[in-house]
Structure formats: structure tokens, C-alpha cells
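Quick note, the sequences are listed as chains E and S, same order. First residue of the first sequence? That's 1 in the UniProt record's numbering, and the numbers climb one at a time after it. First residue of the second sequence? That's 1 in the UniProt record's numbering, and the numbers climb one at a time after it.
Everything labelled a hint here was simulated from the structure, so no lab data went into it. Keep in mind that a hint or two might mislead.
Unchecked claim - DSS-like, lysine-lysine: derived pairs with alpha carbons at most 25 Å apart:
1. K315(S) with K328(S)
2. K141(E) with K446(S)
3. K328(S) with K179(E)
4. K487(E) with K141(E)
5. K186(E) with K346(S)
6. K179(E) with K186(S)
These numbers come from a predicted model, not from an experiment.
There are 2 protein chains.
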Amino acid sequence: MTRASPMRSTSHQWLLGKSTTGAVPLKVLHPSRLPRRSCSCTPVQREQQELGPKVQQVKPARRATRGSYGPEPPKKIPRKTQNFSRGRTNPTNTSKLAKPDTPPDTLDHRALGAELSLFIGDTSSPGSPLFQPDGAHIFQKLQALLRAQYPSFGFQEVITPNLYKEDLWRQSGHWDNYKDAMFAVKGGTALNDDDNARYSLKPMNCPGHCLLYKSRNRSWRELPIRYADFAALHRNEVSGSLSGLTRVRRFHQDDGHIFCTPDQVRQEIISTLKFVELVYNTLRVGPYKLFLSTKPFHEFIGSDETWKIAEDQLKDALNQSGHTWSVKAGEGAFYGPKIDIVLTDKHGKEHQTATIQLDFQLPKRFGLQYVGQEPGIPVMIHRAILGSLERFMALLIEQFQGHWPFWLSPRQLTILTVGESAEVLAYASEMAKQLACPIPATYGLKPLPLSHPRYNVDTDFRNETLAKKLLGAKTKKYNIICIIGEKNVKGKCLDLDFSAQPMEKETLQILNRVKPGARSPRQKIISTKVRGIPGVKLNLYETQLVMKMLCESYL
Amino acid sequence: MTRASPMRSTSHQWLLGKSTTGAVPLKVLHPSRLPRRSCSCTPVQREQQELGPKVQQVKPARRATRGSYGPEPPKKIPRKTQNFSRGRTNPTNTSKLAKPDTPPDTLDHRALGAELSLFIGDTSSPGSPLFQPDGAHIFQKLQALLRAQYPSFGFQEVITPNLYKEDLWRQSGHWDNYKDAMFAVKGGTALNDDDNARYSLKPMNCPGHCLLYKSRNRSWRELPIRYADFAALHRNEVSGSLSGLTRVRRFHQDDGHIFCTPDQVRQEIISTLKFVELVYNTLRVGPYKLFLSTKPFHEFIGSDETWKIAEDQLKDALNQSGHTWSVKAGEGAFYGPKIDIVLTDKHGKEHQTATIQLDFQLPKRFGLQYVGQEPGIPVMIHRAILGSLERFMALLIEQFQGHWPFWLSPRQLTILTVGESAEVLAYASEMAKQLACPIPATYGLKPLPLSHPRYNVDTDFRNETLAKKLLGAKTKKYNIICIIGEKNVKGKCLDLDFSAQPMEKETLQILNRVKPGARSPRQKIISTKVRGIPGVKLNLYETQLVMKMLCESYL
């Protein structure tokens, strides 16, 4: 609930501005910057106490100019490599990656981010990572995963401002409790009164969503109203604490706010816990634990009865979730109880990611209401499934170590040619186009439908040995390596190596459904390290089908 | 090239800080705020001289509290209406819309924005519209249209910071020429030196893209590198000039920057002009004119020879576009020639939307290079197809007047029930679910694939006369009105009214392909105004197929 606080500490402690016995003392944050007001956005930076110390010990592999984390310049220019799906040339400078000057850290997301060309940092904007195309691709796929589920869970996306005047922050309570963590904004030359207004960059989306709720009268029949928002958020973390994607000043949340009646809370919590389970299962992260933080012992708002009803609903929902859960007595926020979801990663570290917080206060501050037979003030539920997308990406980067699931991967398939005959090159080029975007050549100037499948397909047509090209492709961790030689041109078939694809069992099931018993003899000759999936021989249509099925199954 | 400048005036004039004979004098902007430096972002606000005076005369229909443009509160609460695809209840308070207190302005996007619940404004953030769910839906569909085409045109999306330090803006030249139009940002309490740095909110994406280009050495084989970015941009327009979606402080561009060798410029321009044509045809806007602005007579950078080569390439590309074009001699930016695309809307007004600008200067300022046999400095092409998405939405709102094409529409289909029998209600509910998201009920806790079709389906199950419900649905301009009574339950069919769907001819073609000669007798009885497409009777599968085909054809 509070930024950078150790997990044992309570929201209540920050409210009182002191720490209790057993709480890890703060090392970095100035006491004035400990906010009272919280929301689903708050846990974003929270568990960096856990991740922080580790990554800070790691020296980023090769810093580029301007303080970036970017990959080193390639020493050698490849003969001809081109990304067909994205129209870029893609130097496969494998020798550098295969034999780095220093052994790559296999855990740190910053070193991996540089190695995989996912993001850089720059001294002109500390704490605001710049996502390179491959990093932006993963970021957007995570967004898309949530967006695809939003209609089923009743969320509607909205777009809200980045800047609000001081008055709004006073109304929301951020000004008193969060001011120092916000970036202050001022217009340029003051041409009129309005330009003199003080603005702040939003650290959270909740006030904007309250404005949208309030933009017209609401009936109880409309509730629950569920707004989702992926807007960029800014929090002025101290520069010394900034690190990679985990400790940042600019980040994006899969933020959501639910406005509902008090008796709808239980169902909303059940639904949100289902959403968490769905997304975490899909991303194959976990296991995770659930914690219920209850009414603070001393300072809180609202009657005991209201708290009891709310906590009972949360307990009911937790019982229905099928997960075990535990209570953190007295650790709720002063404005309402909450559920924390703590994820354990593959390396055994715990991260607080998702959060579900009940808020009785903000709707009152904004005078939100609903009318009907029993008019009332809605309860506001702050919730995030992934939390900070940047931070969740860091977790995924360290989990997958570049072996992204096919659907999420920026390097889905690469085509390697054997020999330099014109037929092979022509056939390989045609296959690259068809695999990247299966459309007829006569499609012409018609726009591609929004739902049209697109895949990230690269090629390596250099005049090198297949072994060398294969080593390069494997170092870059392409999910599928497709080999095309003269036999493939004659047989109209593709030799495919799936050895970098995670989720072997499920992938094999799909391969067996598409073409039972398919095997590629080439695998035996060329394979450097086969991780369980033998090479297969498929035609173009079968390959497209496998790619489609991998995406639809989130493999 | 300059903000708020009349179209006749030249970039060169602003460079010199004076206006020439015939140029409309500035009314609003302080001379200190006229920037020299420009880019594809600049024309965003440009043509508001044309749109501005009109919309400013129009009194916004019903201002909500807090200075919003929001719709008025509904007086009556409906019995039961629910949006199945988005899980919201949706009061169909048709009497208010059908009989407004004041006749709605049929042209102004602000009045339409309120009537159609697309966006609101708020005094806490002037010039930063808050998009309601339906407005956000349209915004995101426009984004999706461009994103779906990006791979074909070789663009790769990136994500870049909102804040940069003063140093970067000095390097880019914005500090000297654009400072007053930028929002100045400062960290809260200064805990260390870095927090004392002066930041500005970015008004353009170009510097961030230069940082990404520079993050590693580039080979000539990698070029062209094409970055796309939808980030929120901020420009500190004077508050008195702010208006709806056309004159804003926060906006989003479909921004793109191409880094290429000098001899690739021609092909890139040809490709960009094709992109413009593709998107404008898809959105059914136009016609549009092309203008080539050439080397300024006095102040410019670069040799005459470089300019000539660049202009010749632009002329070649324009000749290949198949459009007529004209020259604006001496009206290029001081750093390079450019092509302006001027769109004529249905009401005969002209808008500068897309822009393609060559830039020889920024790559030099950032020290960008490419290596190879002939190393050099890349040419940077700033380009935007829609320009400001907000402003383009204003244009589309006024063009379609709520009759959105099906693929873009936030109100795609509504189901009206006849009678109150349990069978009818059950069948209508089932149809609503199936039409909103065609999945088997047994799908359970599996995530929906990213490509899964979703439609915006609302329902009106109130115990009202069909005529009244139909009037409500027509007032809300649903593309398809689906009527379900007892006959439909027995016959497992849907009576569909397509009369609000634009592009009648193309829609009829699709209907005839799905079910030749389909007619609904109900249309004759219930229709209030049939605009050309007669009612049809289809089963569930046929209806789903029609919806899919309408989306895929951008109808």
C-alpha cells in the first residue's frame, strides 16, 4: 500500500508516520514522501525492496552512450538479413552474443533487456525507460491480453488527462499526502490567469475516473461501472533508487476502478480474483498467495459496522477463490480493507503484483452518488491485475530469459537458407512473406482487417554455413527456426526446429494435432541442442496453422 | 508548419518573425510562442483557424457541472437495459434525446460529443479531454486501424518518455524555439541534485526517436528504420483558445519518424503517400490535395544541391501518387522541404491533416550516423497520417453525425424485445451473449484469444411498446437493430434493421452474399424511417457472419 515499504509494515504505520517493532526501517525515502493516500497504483513500486538490492549489485552489461542500457554496437555488418514482418534489417551479429566479453548475467532483467534489445535508459529522462521495438511488442501484447478479457469482465476503457490542477489533488487528498512524490507542472509564459495554475502529473488514475463517473447522474441500475486505463503515470522517485524497469518514474498500470453498491462488493471481488487467476495462469507465473488486510487498530474512517460488512464480503470472496489465504490484522488502508496478491517467481522471490482495495473515502471526497429506490454513495474498488506493466515485464524477462512464449515473442520465427541458389532464395523470401502475413499477393491497396494475423518473421540469407546461422538463431532464441534448402523447394515443405519454444508438452500436442508423427530428419544433423521437441517437417499451411494455434492457446 | 498559422502563411515568415502581405494576422498567439522548429507534430493545431471560428460560435449543448461537456443527467431510470458486451447498464432515456430542450447542432463535434457520450472536458485539466468509454472505443479503433497496417509499411512501434531534461530540448532546438509552448516540470522536494533538474513535457516525439536510433551503431543495411509512437503530447495552448477536440493541450498523434539514406527518400515518400491514400479511403474522408513546399527564399540550412535532390525526389513521389499536386514556392521549413495534405470535409471545409516533412537538421543535432561503404548522416522524415487523433476524431464526428461505420461504432447492435414472455427474454439474452462474443458457454476460465471477435451489443428489454423502443434505438443510431418476439423464438431467427448503417450499397452487397434476397416483413410495420436498406431476417450464424464481414471490409 505504501511505496517502497517492506511487506510487514502496515499502511497504518505510514499514516501515523512511525514504524512499529519488526518493520524494516526505510533506507531511501524521505519521511515527507510517505503517502497516506493509496490506491491500486500504490503497490507498483512496493516490492522493489525485494528485487532492488539484487539488481543494484549487478553491473549492467555494456552501457551505451548517454547512460543507456542499450546493446553494444555490432562490430560486423551482416551480408543480408531482413525482417519481413517489420520491414527492418536485423543484423544477426551472433558472434558477439555467443561469445560476450563478460558472461551474461542470466537473471537480471536489465542485462537481458540490453541483450534482447528490449529497452534502454537515457540520462535525459531518468526512470523513464525507452522501449525498443521488441520491448514495445511485449508491452503491447500484455496490454492486448488484458484488453481481450475486459469485455468478459465488464471493463470499459477510458482515456483521461495526465495533468490536473492543484484543486483536484486537494479534493482527492493527494495534495496533502502525496504532493512530494508528484511532478509539479507549470505552463510556459503566463499569457493569462489560467496559465499560472499549478498542475501535477498524475501518479494515479483514480481522480480522473471519479470525474468520469460524476459527468452525469448515475442510476443504481448502471452499477457496477468498471473503468480501465493504461495511461502513463509519473512518480518522482529519488534518482539514486532508479533501476531498470522495476524502480521507475514513469510507468503504466493495467489500472481499473469499479464503482458499485455495497452489496455488489462480494461479487466484484470474486470476479477480480478470477481475473487474476486467469491472467496469471495464462502467463504461467506463480504460485501466489492471498492476504486480507483488515481494519487498522487505531486510525480509520467509517463505522465499525461498515468495515465488518466489507471484510465479511472479502472473506466470502476469498473463500470462493479456492486459494488459501491469510489475514494481516490491522493492515488495511485507513479508508478500507484490501486484498494483496503476492507472487512467488521461479527463483523463489516474492513480488506483490495485483491488488484489490476497497475505498469508502474517495467517492465521498468527490461527492459521487447513485440514485434509485435506495440512493447512496458507491464503493470504489481500486484494482490492478499486473500492477505496473514495466515491473511485471521485468519479472517475465527474468522468468523466460528470452525464451518467450510464441504469442508474446518478438522473435517468433526465422528462416535460414541452405546454399545460395536463386530458387532457394526466392522460395525462402516467399515463405517469409506468407508466414509473416498470410495474404494473397493481389491484395493490393486494401487495408488489412484489424483481426488479421501478423507474425514476427526474420530471415538470415547470408552465405554462411548452416551451423553458424543456426547458432546465431539459437542465441537469439527464436521460437521457431525454419530451414530452407533445395529439398524444401522441391518438396514444398519447411524443416522446423521448435527447440527454443517453452511449454514443450503443450506445443507437442498442437504439432501432433496438426500433423501426427511429423519428424524432420534434418534435426539430427544440424541440431546443437534439442530441448525436447524434435524437428518437424510441415508445409506452409500446416505451419501457419501451428502458429495460429500457438497464439490462440497463449503458448 | 507553425501552430495556429493561417494556411497561406509560410513557415519562413514565422522564422523571420513577421507576416507578409495577405497573410491573416494572428489573433491569439503571443509572438514569443511562434516556434521555428517544426515536425510532423506541428500541423496538429494548424487548421483550427478554419474550424475554430465556427465551433466557437456554437453554444455547447448543456454543460454539466465542473465545466464538462458531458450529457445531461437522465430524468427517468429505465426498467432494464444492459450492455452485454461491456457489462454496463445503459439507460435508454430516449425521450430526452428525441425531444431535446434545444435543437441539437447537427454539425458541431462538441455538441455531438456530449449527445453521443464520447468525451467531456473538466476545469481541472483544461484542454485535456476525458474520453468516455464510447469515445475511447473510437479512439482505439483508429489506433488499431493504423497498427494493423504498420507491419506492411515497415513501421515498428516504440514507447518513449513524456519528460526530458532541458539539455535534450536544447540539443533538439526546441528550447530556443518552442520553450514557451512546452509545460515546464519540476520534481517535488529536492532530495538530491537530479531532482532539481528542469524537465519539459514533450510536445513532439522526435527527440525520443533520435535517442532510440542512437542507442547503438547503425548500418546502412538497417535503413530505413521506421518508428511509430502514439504517446500523449502536451502543448501549452492559451486557455482562451481551447475548444473541444480541435484545440487542446493534450493530444495523441499517429506519429512516425523514418531514418533513411538520402537515396531512399523517394521510395519512403511514395510509400507514405500510399499509406495516406489507404487510410483516408478506409475512413471514407476526402477528397484531399497535395502541396509541395520548397526551399525558403532566404533562411535555410543545407546546400542548394541537397535541397534540389530532395525536392526532385519529392516531385517524383508526388507524380507517382496519381494525385494532382501544386507547389508552394519557398514555403518549406528551414530545415527541409515538405508535403502537406489538405483534406476537404463533407461540409467543404479544408483541414490540414497528414504531413510529410524532410529534416536534414535534427539528425545532425543528435549526431546520428550510419556506417557502411558509404557512411553518412541519415535523413529524418517526420510523418503523420491522421495527425492529431483528437482532431481527426472531431472531423469524423462531424462527418458521420453519430452514424458510425459498423467497424468503428461504439453502438453496433441493440436487441429489442417484443412482449415480456420468459421465452422471449431468455432467447434475447442468449442472442445478446452470442452476438457480443461468440463463444461456447463451456469455455470457462480460458483466456479469450487476442484475435477473438467482440462486438458492442446492447439490449432494451423494457416493458414498452416496440415503437417506443425502436425510436430510442434509432435516436441512439445503432448500426443494427435486432428485434426478437415470439415468432423469432420459434423460428430461431432475428429480424434486423440496418437503416442506420452508412455505406448502404456495400452493406447490401454483404447482406446479399450472406443470404440473397433476405427480407424482413417486420420492417414494413415497425420502421420509422428506412434509409435504403430494407429489414432482413437472418439466423444467428448469418448475423455473426455479416458482422464479421462488415468489420473486415471497414464498413
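Right, here's what the structure says about each hint:
1. K315(S) with K328(S): Between K315(S) and K328(S) the Cα gap is close to 12 Å, so the pair holds against 25 Å.
2. K141(E) with K446(S): holds, 17 Å
3. K328(S) with K179(E): The given pair, whose Cα atoms are some 51 Å apart, is violated under the 25 Å limit.
4. K487(E) with K141(E): Not satisfied, since the Cα-Cα distance of roughly 36 Å exceeds 25 Å.
5. K186(E) with K346(S): Violated, at roughly 39 Å.
6. K179(E) with K186(S): holds, 12 Å
In summary, the structure is inconsistent with hints 3, 4 and 5 from the numbered list given earlier, while agreeing with the others.
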